[in-house]
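**Student:** The chain contents come next:
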Amino acid sequence: MADFTTFTEVDPSNHYTVTAPKVAFAGITENEEAYVYKDKGINHFDGDFSHLFDVEITSVSGNLAYIFYAVSEAVDDAYGVYLSNDHQLDFELSHFAGTPYLNLTEQFDASTQYFDQWGGGSDGTTYYITVERDEAIGTYGTLFAYIHSDAERTTLLDTLSIALHAKDDFRYLYGGQVWKDGGVQTATGFTQNLDLQEAVGGGEVVYFRRRRRS
Amino acid sequence: MVINFPAECTKPGDRIAWCERAEEKLLKVKSTVEGWYKAGLTQAQYDQLPNRVKNRYSYVAQLSKADTKDFWENVYKPVVKTILKARNEEWAKAKVDTTYNPDLDGDIS
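Taken in order, these protein sequences are the chains called A and B.
With our numbering as the guide, the letters of the first sequence map in order to residues 2 to 215.
With our numbering as the guide, the letters of the second sequence map in order to residues 34 to 142.
Calculated from the structure, these hints are not laboratory results.
As the structure is a prediction and not an experimental result, all values here were calculated from the model.
Hints may contain errors.
[As the list claims (entries may be wrong)] Chain A is nowhere near these chain B residues, computed Cβ spacing over 12 Å in every case: (1) K44; (2) D47; (3) E56; (4) T75; (5) V86; (6) N107; (7) K118; (8) N121; (9) A125; (10) D138.
[What the hints assert, rightly or not] Among chain A residues calculated to face chain B with C-beta under 7 Å, some are: (11) A152; (12) T155; (13) T156; (14) T160; (15) S162.
We treat Cβ as the ideally placed atom computed from N, Cα and C, and that holds for glycine.
Required output: the full structure, derived from the provided sequences and hints.
**Tutor:** Here is the structure:
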């Protein structure tokens, strides 16, 4: 399980409360350079991956977007990533006309966004998400998100997918990220229990010296 | 795993509709299998499941946790991925399909 206290918190307005299992936000807006991220190392997220996390949008004051989770090529707010033509895969909220839409999104070079969306949810409800990249499907791989209503992930609400547009490796992991486009509406909610399902000590190479015969 | 669209289902819009309906039907099957694990299933309910499921799991009153997990990994996910891959491909075709020429002023009021 990811420990969010080891992440870097960029939070000029003190709208984040970060504990080991949880990134909670209260009254966050689209008018602040705020995000919680970790540098996992160059090309850390390569190939297939499957990441688990829980999200909730508790309340909002109007239309806005907010990113619960992302893997990205850049450190910035999500709109900044979008404008700088960096590649990012994320799971986000798009709250519009009273309906919370959960979006699986690819922000791609040339400031292009692709997304798939589920609009069957409600504020104040926790959703249990699995985001998977399967590089064997499609030219550049396909991103999937399974949205469950229970922590055991037995009750599936919807499956989202995007045919990806580049086979990139990602360095940065986000547990929360503002879409800073100047909006003043506020949102309260959280991302928690992020599980990258990576083996402990992954990447470490252990050498065994062969014993010389005497 | 590939999709064999019905012969008359050739246009991107039709194929997207087919995929959406297939995903919805698959989600209902998933719900039934979840119910089979949590609360059990009658023989009559079992008989309504697709052969893809029945050929893999014989009828028992309550499905085991291991079989439920097996269903998720080896039935649901491969099938939904196949459906959504096809849908995404049809979406890409639909974006450049010039069958219609939407008037962004007159057609949207």
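**Student:** Run every hint past the structure and note whether it holds.
**Tutor:** Hints, verified against the model:
1. Remark: the non-interface label on K44/B is consistent with the geometry, its nearest Cβ contact in chain A lying 19 Å away (cut-off 12 Å).
2. A cut-off of 12 Å between C-beta atoms confirms that D47/B is not in contact with chain A; the least separation is 19 Å.
3. Consistency note on E56/B: stated as away from chain A, yet its beta-carbon is not over 12 Å from all of that chain's, at 7 Å minimum.
4. For T75/B, the condition that its CB be more than 12 Å from all CB atoms of chain A holds, with the nearest at approximately 20 Å.
5. Distance to chain A confirms V86/B as a non-interface residue, since its nearest Cβ pair spans about 15 Å, more than 12 Å.
6. Distance to chain A confirms N107/B as a non-interface residue, since its nearest Cβ pair spans about 15 Å, more than 12 Å.
7. Annotated as non-interface, K118/B brings its C-beta within 12 Å of a C-beta of chain A; the closest such distance is 5 Å.
8. Against the 12 Å criterion, N121/B falls within the reach of chain A, whose nearest CB is about 4 Å from its own CB.
9. With a least CB separation of 7 Å from chain A, A125/B falls inside the 12 Å interface cut-off, contrary to its annotation.
10. A cut-off of 12 Å between C-beta atoms confirms that D138/B is not in contact with chain A; the least separation is 23 Å.
11. Because the beta carbon of A152/A sits about 14 Å from the nearest beta carbon in chain B, more than 7 Å, this interface hint is broken.
12. Because the smallest distance between the Cβ of T155/A and any Cβ of chain B comes to about 5 Å, under 7 Å, the interface hint for this residue holds.
13. Restraint check, T156/A versus chain B: the minimum CB separation of about 6 Å is within 7 Å; hint holds.
14. The interface hint given for T160/A holds, since its Cβ lies 5 Å from the closest Cβ of chain B, which is under the 7 Å cut-off.
15. The beta carbon of S162/A is positioned within 7 Å of a beta carbon in chain B (closest approach about 4 Å), and the interface hint is therefore held.
Of the hints listed earlier, those the structure fails to meet are numbers 3, 7, 8, 9 and 11, in rising order.
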